[in-house]
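Chemist: From first to last, the protein sequence lines are chains X and D.
The first sequence begins at 1 in the UniProt record's numbering and counts up one residue at a time.
The second sequence begins at 1 in the UniProt record's numbering and counts up one residue at a time.
It is possible that some hints are incorrect.
Said to hold, decoys possible - Every beta carbon over 12 Å from chain X, so not counted as near; a handful from chain D, in silico:
no.	residue
1	Leu45
2	Ile55
3	Glu85
4	Arg106
5	Val114
6	Ser150
7	Val159
8	Val164
9	Gln196
10	His217
11	Ala235
As the list claims (entries may be wrong) - A short list of chain D residues far from chain X (calculated; beta carbon distances all over 12 Å):
no.	residue
12	Gly89
13	Val110
14	Pro254
To be verified - Some chain D residues judged to face chain X by a derived CB distance under 10 Å, without partners named:
no.	residue
15	Thr75
16	Val77
17	Glu81
18	Ala84
19	Ile147
20	Leu262
Calculated directly from the structure, the hints in this document are not laboratory data.
Glycine residues also receive a C-beta, built at the ideal position from the N, C-alpha and C atoms.
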Amino acid sequence: MFVYIVRRILISIPVLLGITIVNFLIINMAPGSPVDMMVDPNISAEQLELRKEQLGLNDPLWMQYLTWMGNLLQGNLGYSLSSFEPVSTLIGERIGPTVALMGASIVVGVLIAVPFGIISATRQYSKWDYLMTTGSFLGISIPNFFLGLGLIYIFALKNPWLPSGGMTTLGTEGGIVDTLYHMVLPVFVLAIGIAGKKIRYVRASMLEILGQDYLRTARAKGLREFVVTNRHALRNALIPIITVVGMEIPLLLGGAVITEQIFQWPGIGQLTMQSIMSRDYPTMMALNLLAAVMVLFSNLVMDILYSVADPRIKYN
Amino acid sequence: MTGIRTETQPPSVQGNTPITEVEMEGQRKETYSRMIARRFLKHRLAVVGLGILAIITLMAIFAPFLAPHDPYEVTEVFEGEPSAEHWLGTDQIGRDVLSRLIYASRVSLVVGVVAVAIYIAIGTIVGAVAGYFGGWIDMVIMRITDIFMSFPFFMIILVIVSVVGSSLTNVILVLGLLGWPSVARLVRGSVLSLKQLDFVKAGIALGISTPRILFGHILPNAIAPILVNATFGMAGAVMTEAALSFLGMGVKAPMASWGNMLTDAQSLSVLTDQPWLWVPPGVMILVSVLAINFIGDGLRDALDPKALK
Numbered sequence: 001m002f003v004y005i006v007r008r009i010l011i012s013i014p015v016l017l018g019i020t021i022v023n024f025l026i027i028n029m030a031p032g033s034p035v036d037m038m039v040d041p042n043i044s045a046e047q048l049e050l051r052k053e054q055l056g057l058n059d060p061l062w063m064q065y066l067t068w069m070g071n072l073l074q075g076n077l078g079y080s081l082s083s084f085e086p087v088s089t090l091i092g093e094r095i096g097p098t099v100a101l102m103g104a105s106i107v108v109g110v111l112i113a114v115p116f117g118i119i120s121a122t123r124q125y126s127k128w129d130y131l132m133t134t135g136s137f138l139g140i141s142i143p144n145f146f147l148g149l150g151l152i153y154i155f156a157l158k159n160p161w162l163p164s165g166g167m168t169t170l171g172t173e174g175g176i177v178d179t180l181y182h183m184v185l186p187v188f189v190l191a192i193g194i195a196g197k198k199i200r201y202v203r204a205s206m207l208e209i210l211g212q213d214y215l216r217t218a219r220a221k222g223l224r225e226f227v228v229t230n231r232h233a234l235r236n237a238l239i240p241i242i243t244v245v246g247m248e249i250p251l252l253l254g255g256a257v258i259t260e261q262i263f264q265w266p267g268i269g270q271l272t273m274q275s276i277m278s279r280d281y282p283t284m285m286a287l288n289l290l291a292a293v294m295v296l297f298s299n300l301v302m303d304i305l306y307s308v309a310d311p312r313i314k315y316n
Numbered sequence: 001m002t003g004i005r006t007e008t009q010p011p012s013v014q015g016n017t018p019i020t021e022v023e024m025e026g027q028r029k030e031t032y033s034r035m036i037a038r039r040f041l042k043h044r045l046a047v048v049g050l051g052i053l054a055i056i057t058l059m060a061i062f063a064p065f066l067a068p069h070d071p072y073e074v075t076e077v078f079e080g081e082p083s084a085e086h087w088l089g090t091d092q093i094g095r096d097v098l099s100r101l102i103y104a105s106r107v108s109l110v111v112g113v114v115a116v117a118i119y120i121a122i123g124t125i126v127g128a129v130a131g132y133f134g135g136w137i138d139m140v141i142m143r144i145t146d147i148f149m150s151f152p153f154f155m156i157i158l159v160i161v162s163v164v165g166s167s168l169t170n171v172i173l174v175l176g177l178l179g180w181p182s183v184a185r186l187v188r189g190s191v192l193s194l195k196q197l198d199f200v201k202a203g204i205a206l207g208i209s210t211p212r213i214l215f216g217h218i219l220p221n222a223i224a225p226i227l228v229n230a231t232f233g234m235a236g237a238v239m240t241e242a243a244l245s246f247l248g249m250g251v252k253a254p255m256a257s258w259g260n261m262l263t264d265a266q267s268l269s270v271l272t273d274q275p276w277l278w279v280p281p282g283v284m285i286l287v288s289v290l291a292i293n294f295i296g297d298g299l300r301d302a303l304d305p306k307a308l309k
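Please model the entire structure based on the sequences and the hints provided.
Modeler: Rendered as structure tokens:
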């Protein structure tokens, strides 16, 4: 297993390099150069050319990539074209709210999916099973922006029960209770999407486990069905469920862009949208890279966890 | 393997194999497809989904005959409430919402079908090559797949569309050119297991050319999971287009898309006072994505080899 982990880490290195190259090339597909945005009647063509030379924009592409990588390795992600702050500062300010939103959504999503999936599996082909399966399809199929707008309409505008957006009530100190209050709707939107997918996983995983011999043994010992299902079966069914949660991270990051935009949540998703709207390429590039690295890293951790959690799996 | 190609092969063998193959396949296919159809029809929600998709398709094809108004025509009523003249009211610049809703089905279906067709084609070829040849080719292709799969799909699409410019064509191309990695992984897996089977080894021993073995013998047997993946992929593409257009990064006005019809609802006044502007397109996205997902589920059940009897 140690060999497997080392191999798995080594394989990730060229992938990581590839990610930086792809990311660099995407942003370089943009027409014009960053200098074009500084065009100003007071600046002459020669001065612009000089600025281009200074910024290294006349260098061949591979040299620009190496310069960018060099800066990256020193922790320099460049400067935002719209706020002129270092991109790393912008990300630092925004990462907390996004992590909180995503973490809460995963927890709530799994808390919905596990009981629903168990009900679905233990009562296979019953009315409940059909209800849960159809419900999970609804969760997958509802566009998060439509769900978000609908929830704002019902719970914030028609009935003033919850805030329609933001992270703290304007003009107050905020505080944890206030933030939690603001989290209810966006977390629900993201959690519905996760639960929709996970209900099927839990159901399939439980169905497979429920047919195993050791559960028949447990029943033969005279254990109550509740204990058999929730202690003996669930524990084994949870191994694959926990690891597939890692697969949710890329989807969540994408979903966060829309959800944060709708609920004006001051996180990475909203920053992404702002940088796209203002064509702030250094910020876009850094965010895209950060997202890809997060996904790569979480996949790596999940794979390793899986090999630790399930010793039956062999790797060549 | 490459040494025993065409030269050593007696012409009679080459002439005979395809005929028997076609005959056998023809017979098997008929009963097989009938069995699949029977199993699919048992999945009630999938049948309902197919019905809904058929209605939406007809709506898209006959949009000019169905739409009560020109979707681009500005009428005298701005933000008009639903009325006998405008069943779903008019939008902020006075266009008929129902007509726009009907025309928008064209955008969703075109994106769903074309983008998925592009990436299924790319993913199938890439995955088949990786799985069949193995070794360093497989290693390189799979690492490239890993690279593309590391970028959160929606985010990388958003970034690329914003760089190359948003339009219907660009949305289709970007979705089509980026969707292939998951298909490639799927096909690679199928090809890896299929190439161990005797009929493939027999084909190689008979000296059938590699492309024919791969595309004529192996891939037809790997089609079921690809088909299921394509169906769910279509639902995903419809959803992604809607989300991009909603954010103003997809299909742009004046062309109507269900996603961009929801954009205005980001303003609280539209959201509160003009629900006829944003509820119908939202429902259309939900219904069509749900219908396609049900079809995918039905196909998955019908094509599941574990349940084949």
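Chemist: Now tell me, hint by hint, if it's right for this structure.
Modeler: Hint by hint, here is what the structure shows:
no. : hint   : verdict
1   : Leu45  : 7 Å, violated
2   : Ile55  : 17 Å, holds
3   : Glu85  : 26 Å, holds
4   : Arg106 : 18 Å, holds
5   : Val114 : 20 Å, holds
6   : Ser150 : 4 Å, violated
7   : Val159 : 5 Å, violated
8   : Val164 : 6 Å, violated
9   : Gln196 : 15 Å, holds
10  : His217 : 27 Å, holds
11  : Ala235 : 7 Å, violated
12  : Gly89  : 16 Å, holds
13  : Val110 : 18 Å, holds
14  : Pro254 : 21 Å, holds
15  : Thr75  : 25 Å, violated
16  : Val77  : 23 Å, violated
17  : Glu81  : 17 Å, violated
18  : Ala84  : 26 Å, violated
19  : Ile147 : 4 Å, holds
20  : Leu262 : 6 Å, holds
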